[in-house]
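Enquirer: The lines below spell out each chain.
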Amino acid sequence: MEITRREFLKMSAAGAALMAIGCPVAAWAAKGEGEPDRWVKGVCRYCGTGCGVMVGVKGGKVVTVKGDPKNHNAGFLCLKGALMTSVIYAKERITQPLIRKNGKLTPASWDEALNLVASKFKEAIAQHGPKSVAYYGSGQALTEETYLASKIFKAGLKCNNVDGNPRLCMASAVGGYVTTFGKDEPMGSYDDIDNASCFFIIGSNTSECHPILFRRIAARKEANPATKIIVVDPRVTNTTRIADIHISFIPGTDLALLNSMAYVIIKEEMDNPRFHGAYCAFMDKEGKPQTFEDYKKFLEDYAPEKAEKITGIPAKTIKEVAKIFAQSSATMSMWCMGINQRIQGVWANNLIHNLHLLTGQIGRPGATTFSLTGQPNACGGVRDAGGLSHMLPAGRLIANKEHRNQMEKLWGLPEDSLNPEPGLPTIALFEALKEGKIKAMLILCTNPAQSLPDVNRYREAMARKDKFICLIEVFQDAETVQFADVVLAPAFWCERDGVYGCSERRYALIEKAIEPPGQCRPSVNILVDLAKRMGVDPKLVPYNNAADIWDEWRAVAKPTVYNFWGITRERLRKESGLKWPCPSEDHPGTNIRYVRGEDPLVPPDHPTKYFFYGRPDGKAVIWFRPYVGCAEGPDSEYSFVLTTGRVLDQWHTSTMTGKVPEIQRSYPKAFVEINDKDAKKLGIQTGDHVQLETRRDKMVFEARVGEVCRPGLVFVPWFDPKLLINKLTINAVDPISKQPEFKICAVKVSKAAKA
Amino acid sequence: MAIAGLLVQAGKEDLPGVEARLKELPELSTYGIHKEQYIVVVAEAPSGQLEQVVERINRLPGVLTTYTAYLTVEDELPGVPD
Amino acid sequence: MIQFDWFSRLRNRWGKWVIIAPAAVVVLAVIFIVCFNLAFPRTRCEAVKHLEAPEIAGDCYGCHVKATPKAAQDWYESKHGVQLVKCFVCHGQPDGKGEVVFALNPDVGICRKCHDSSVTNMVNNYGLEPNCVSCHPFHQNSIHHRAYVKPVAKKTID
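Protein chains in written order, with our numbering: chain H, 648 to 1402; chain U, 36 to 117; chain E, 1499 to 1656.
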């Protein structure tokens, strides 16, 4: 049979097409790469839910990601975690060190870059002292990275200017837990979701910011339809789709609501006197001891009829919600940035805890007061390992001599050699940078040129000629890169191993799945190298890898309430994470803290069931926190409230999610959400251009008109580097936690001509 | 001269109509509907024009998208029009 | 006036209805279109075909709520809709950009991203070709129950 070449080629072409769809159902349709050779266990790179993942690797490349069925998420992932692959192989990856020469970042060798950074730090310290340098880290860095950086600066350089972006998101939650219970971190765990009969969700768009926890809450309601879900938010978000009651309120007045609920609970005798009588101390806002009768007097200002005037919530609704909260068999509260990113953030946290302490809705499966963490490792890394300017590892405080002496012993330092003066928290740190007092800063794994409030001030600070910034950053298009003098190239996510600790006190291991590209190095190795070149005593940094650091950190935490001695590297490899306290290798981890029989740190023969061992008298505190409004509320000139937040698809400053084509096309740019009644008055329709102006800056956004925001409120997501909404936000901070009030500032809204 | 093996994807109801229109295009030979969503097509065109042929297919009503499964370019072949 | 002869004949037969009936149809059509557009104010539909507006191709729902309203509503009211498992997670992007293969009927590998143990279970216990959608409502609002309400009676698989 004769066949021409042309016919042959045409038949090949048809055959190839047929084969493309005819091949047997491959389990992995990952663009023709085929089934992975192996699956490597890890933790999602994104939010504080901390979902377990399995990274599919074929031929040394990640080809797909699926959920880890053995971790708390039972295999489920939100769309961000499910689409990680594109992020790893983005073309914007920085694959070798860069030094700014003549205004332009140019490739350099590791030696050249590290020597330059070391010399700048040494110079600054020699001329201006250790206070003139700083480290600004991240709740997305590995625990080992944060522990190491904190040690290098505090022990090696005697510099306590070590802070991190959890100052912007979780500091108030830390303040709340510490002032109420004596120690940080939630008592409960995600298991409580499966047992709660009432969810009180306030200041959280759980559906978009902790989607897999939202799924678990919805599944609980599906299993037990009598479960009540109360959502308190000035926006009607997707979270309210499963809510039984949605409460909108005037932004900033939620403290009045919480106090009013306490009033109703006591008035209607739904409190638990046996519990609060035995386990609670009452204190006024200055910390002076008070009585239960004093508390009742304090709450008289918050009778529902009075609270209605403050909050805009009908008194009837306040009573209804208080009743459901108190009388359900197990009530779980969850909150996030709506409560934390406020100048009264710590107080707001206290008031939520108050409700649980007053009613005894605490320390039982399903009854717990549970703070949702924003970032994947704010808990494990920064909070627990002490990566904040007033802290030392495992809950110790710089200002406490005994704590300093403990750390000096553990770190092999001479007694009283640690700097006793706490360093600068984030906003104060960047203000000091602005004033020229900080000469050299090392920034790891965060993007302050986009994420700080009132960011024009700090971009100006970072642009100073007399400062030196070394940035360790994965992507060249991150906003902060333009201000960096040196950029170092880190390994990303599963290109190195390390631990993440999520909201529920679970420490889980990200295992190395692939080699990093180009000349990228794991950040722990970068930090050790840098420390040695800066003249830090090599005995302080005897680490070859993250596992070495982990073993030291275990030992450092062992004598404290963070005791996770039983969470060895081996166990982390075998298990999909373990919840601390975990004092020994055969201990399964802890679901509920402070309760005899549940918490290994409560002696089994302890005389009482509950023991809040973080506090000197073993009792938790019910704080008298009055309602105080926000820093910059609306007035006649700036008549709207501007609030910022996240959307499901785009994570934080979108340096990662923006690399995922599906996501970038889902939310290509920021927008402003406006209430439809407000929009009508201003003549605005969806798609129109709207100018937002605060006392700090102005910006034009496309409008999305609808019923999400309540009248008087506008919402803008903060992911878009081309529309930096943080230029408009305010840098006012909570006096206790120093966390900024991203959630509320006053704004003028007007229709704009097309930009 | 370029020869490409293509998969043209269309919605279930649109498949017969799309196939008919594809048959009308001179550069194409169709090889049937498969898996209830794909039409296998072989396109033959001067290599500089192949892209436009694919564009033309994409613009046909009912076509969702076109995948290229195979491509060969034979510009040096004697006796074959360029 | 030969060309209007048929019109005159109709007019003679049916009288004024010849004018009223078509006019009514037109008016009703206009009302329908207006109501539909009011019901979905400014719902985006810049693209008639997938490839015309790739920069917003990730907002599938925005167009599909008009283009394929039943599928869109089914998804919105299903568990995937409540959970915001958006279209592109399973179906990919029309121009093939991104990680997920563009498919009307996604491969079971996509289901495995979240439902791995369930799929493995089914394959082990029932030896079934893992084609989930033949039994499971991937984005379907069953007429018997909505996403998070328990059905009164269980449906059998036929």
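The hints are simulated quantities; they were obtained by calculation from the structure and are not laboratory data. This structure is a prediction, so every number in the text was calculated from the model and none was measured. Backbone N, C-alpha and C fix where the C-beta goes; we use that ideal spot for every residue, glycine too. Be aware that a few hints might be false.
[Said to hold, decoys possible] Beta-carbon label-pair distances, calculated as ranges:
| id | chain 1 | residue 1 | chain 2 | residue 2 | range |
| --- | --- | --- | --- | --- | --- |
| 1 | H | K751 | E | D1593 | 32 to 40 Å |
| 2 | U | G97 | H | R653 | 27 to 35 Å |
| 3 | E | Y1574 | H | T938 | 37 to 45 Å |
| 4 | E | D1593 | H | E739 | 43 to 51 Å |
| 5 | U | H69 | E | K1514 | 53 to 61 Å |
| 6 | E | S1615 | H | P872 | 42 to 50 Å |
| 7 | H | S1231 | E | Y1624 | 41 to 49 Å |
| 8 | E | Y1624 | H | E916 | 30 to 38 Å |
| 9 | E | K1514 | U | E86 | 29 to 37 Å |
| 10 | E | P1567 | H | D1323 | 55 to 63 Å |
| 11 | H | D1198 | U | H69 | 53 to 61 Å |
[Unchecked claim] Partner residues aside, some chain H positions facing chain U, computed with beta carbon under 7 Å:
| id | residue |
| --- | --- |
| 12 | L656 |
| 13 | K657 |
| 14 | A660 |
| 15 | A661 |
| 16 | A663 |
| 17 | A664 |
| 18 | L665 |
| 19 | G1330 |
Enquirer: Determine for every hint whether it applies to the structure shown.
Expert: Comparing the hints with the structure gives:
1. K751/H x D1593/E: 32 to 40 Å: About 34 Å separates the Cβ atoms of K751/H and D1593/E, which means 32 to 40 Å holds.
2. G97/U x R653/H: 27 to 35 Å: For G97/U and R653/H the Cβ distance comes to about 30 Å; the hint holds.
3. Y1574/E x T938/H: 37 to 45 Å: 53 Å, violated
4. D1593/E x E739/H: 43 to 51 Å: 21 Å, violated
5. H69/U x K1514/E: 53 to 61 Å: 56 Å, holds
6. S1615/E x P872/H: 42 to 50 Å: 26 Å, violated
7. S1231/H x Y1624/E: 41 to 49 Å: With Cβ atoms ~42 Å apart, the hint holds.
8. Y1624/E x E916/H: 30 to 38 Å: 56 Å, violated
9. K1514/E x E86/U: 29 to 37 Å: For K1514/E and E86/U the Cβ distance comes to about 59 Å; the hint is violated.
10. P1567/E x D1323/H: 55 to 63 Å: Cβ of P1567/E to Cβ of D1323/H: about 22 Å, so the range 55 to 63 Å is violated.
11. D1198/H x H69/U: 53 to 61 Å: With Cβ atoms ~58 Å apart, the hint holds.
12. L656: 5 Å, holds
13. K657: This hint holds: K657/H lies near chain U, its Cβ roughly 5 Å from the closest one there, short of 7 Å.
14. A660: 3 Å, holds
15. A661: At about 5 Å, which falls below the 7 Å cut-off, the nearest Cβ of chain U leaves the hint on A661/H intact, so it holds.
16. A663: 3 Å, holds
17. A664: Cβ of A664/H sits 4 Å from chain U, so the hint holds.
18. L665: 6 Å, holds
19. G1330: 39 Å, violated
Figure legend: structure checked against the earlier numbered hints; hints not met, in rising order: 3, 4, 6, 8, 9, 10, 19.
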